[in-house]
Amino acid sequence: MDTAVIAEAPTRFLVAGMGDALATWFEARSCGATQSENACGGLGTLTGLNLARLCYDTLLEYGVAALVSCKANAVTPALEHVIEANILLSGLGFESGGIAAAHSIHNGLTALPGTHNYYHGEKVALGVLASLFMSGKSKALIDEVYSFCESVGLPTTLAGLGLTGVSPDELKKVAARACIEGESIHHEGGDITPQMVSHALLAADGEGRRRKGIAG
Numbered sequence: 373m374d375t376a377v378i379a380e381a382p383t384r385f386l387v388a389g390m391g392d393a394l395a396t397w398f399e400a401r402s403c404g405a406t407q408s409e410n411a412c413g414g415l416g417t418l419t420g421l422n423l424a425r426l427c428y429d430t431l432l433e434y435g436v437a438a439l440v441s442c443k444a445n446a447v448t449p450a451l452e453h454v455i456e457a458n459i460l461l462s463g464l465g466f467e468s469g470g471i472a473a474a475h476s477i478h479n480g481l482t483a484l485p486g487t488h489n490y491y492h493g494e495k496v497a498l499g500v501l502a503s504l505f506m507s508g509k510s511k512a513l514i515d516e517v518y519s520f521c522e523s524v525g526l527p528t529t530l531a532g533l534g535l536t537g538v539s540p541d542e543l544k545k546v547a548a549r550a551c552i553e554g555e556s557i558h559h560e561g562g563d564i565t566p567q568m569v570s571h572a573l574l575a576a577d578g579e580g581r582r583r584k585g586i587a588g
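Under the working numbering, the first residue of the sequence shown carries the number 373, and numbering increases by one thereafter.
Worth flagging that the hints you see were computed from the coordinates, not collected in a lab.
What you are looking at is a predicted structure, and each value in this text was computed from that prediction instead of being measured.
Treat each hint with caution, since some may be false.
Unchecked claim - With a Cα cut of at most 30 Å, we get these calculated BS3-like pairs of lysine-lysine:
hint : residue 1 : residue 2
1    : Lys509    : Lys544
2    : Lys443    : Lys509
3    : Lys511    : Lys545
4    : Lys584    : Lys545
5    : Lys545    : Lys509
6    : Lys584    : Lys443
7    : Lys511    : Lys544
8    : Lys584    : Lys544
9    : Lys511    : Lys584
Claimed, not checked - For each label pair, taking beta carbons as the anchor points, the in silico distance ranges come out as:
hint : residue 1 : residue 2 : range
10   : Thr406    : Ile514    : 29 to 37 Å
11   : Ile552    : Gln407    : 41 to 49 Å
12   : Leu513    : Pro382    : 16 to 24 Å
13   : Ala575    : Met373    : 31 to 39 Å
14   : Val377    : Thr417    : 27 to 35 Å
We put the CB at the ideal spot given by N, CA and C, even for glycine.
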């Protein structure tokens, strides 16, 4: 991998890669807890799970510095660490560990044309935030992930994906798409319903707006 090429590329590509990589740890952990199959049809390994965790830790540690470096078209250790997380650690982590809610919510969001100008990783990032609410994660963890997304410019609201004034019917469409048979959201524990997904998206959007100081 020629990291100088990435340093010269638009920073939005790097940030979108971080959004996709952000899901790796959360999804691998869910698949491990429910013994769900990974991309190869087997069960996740300890190696895969620990690589997924390293991916998350690397993003939190070096994400901002990598973004600053990329904006300056500078190859630095931080940028190279995040490139490694986006490509190698995330790739090995999801193939070995499996995927779950965040990618299904991404798939649901693609049902709305307003999201079509946004990158895969940008939609996955909001899927991660929604999945934290859906699975009842702690406030401390939710704060940590929102802070990371805000620090690198990943979407934390529906408006951040071009969705303003989303109707209840549109949210139902997203949630139904995310929950179709065979979707990876069913690798999460319990019986996941479209209503759970739509409520999680509303909660994630509400928290993102609260942190931005947006009324509503």
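Evaluation of the provided hints:
1. Pair hint Lys509 plus Lys544 holds up; C-alpha atoms about 23 Å apart against a cutoff of 30 Å.
2. Restraint check for Lys443 and Lys509: not satisfied, since their Cα atoms lie roughly 33 Å apart, outside the 30 Å limit.
3. A hinted pair counts as satisfied when its Cα atoms are at most 30 Å apart, and Lys511 with Lys545 qualifies at roughly 28 Å.
4. The straight-line distance between the Cα atoms of Lys584 and Lys545 is roughly 27 Å, inside the 30 Å bound, and the hint therefore holds.
5. A threshold of 30 Å between alpha carbons decides the hint, and for Lys545 with Lys509 the separation of about 25 Å falls inside it, so the pair holds.
6. For the proposed pair Lys584 and Lys443, the alpha carbon gap of about 24 Å is at most 30 Å, so the pair holds.
7. Straight-line distance between C-alpha atoms of Lys511 and Lys544 comes to about 26 Å, which keeps the hinted pair within the 30 Å bound.
8. For the hint pairing Lys584 with Lys544, the CA-to-CA distance comes to about 25 Å; that is within 30 Å, so the pair holds.
9. Only pairs whose Cα atoms come within 30 Å are accepted, and Lys511 paired with Lys584 is accepted, the gap being roughly 17 Å.
10. With their beta carbons about 21 Å apart, Thr406 and Ile514 fall outside the hinted range of 29 to 37 Å.
11. At about 22 Å, the beta-carbon gap between Ile552 and Gln407 misses the expected band of 41 to 49 Å.
12. Against the hinted window of 16 to 24 Å, the Cβ-Cβ separation of Leu513 and Pro382 comes to about 30 Å, which falls outside the hint.
13. For the hinted restraint 31 to 39 Å between Ala575 and Met373, the CB-CB distance of approximately 37 Å keeps it satisfied.
14. A beta carbon spacing of about 31 Å between Val377 and Thr417 agrees with the range 27 to 35 Å that was offered as a hint.
Figure legend: structure checked against the earlier numbered hints; hints not met, in rising order: 2, 10, 11, 12.
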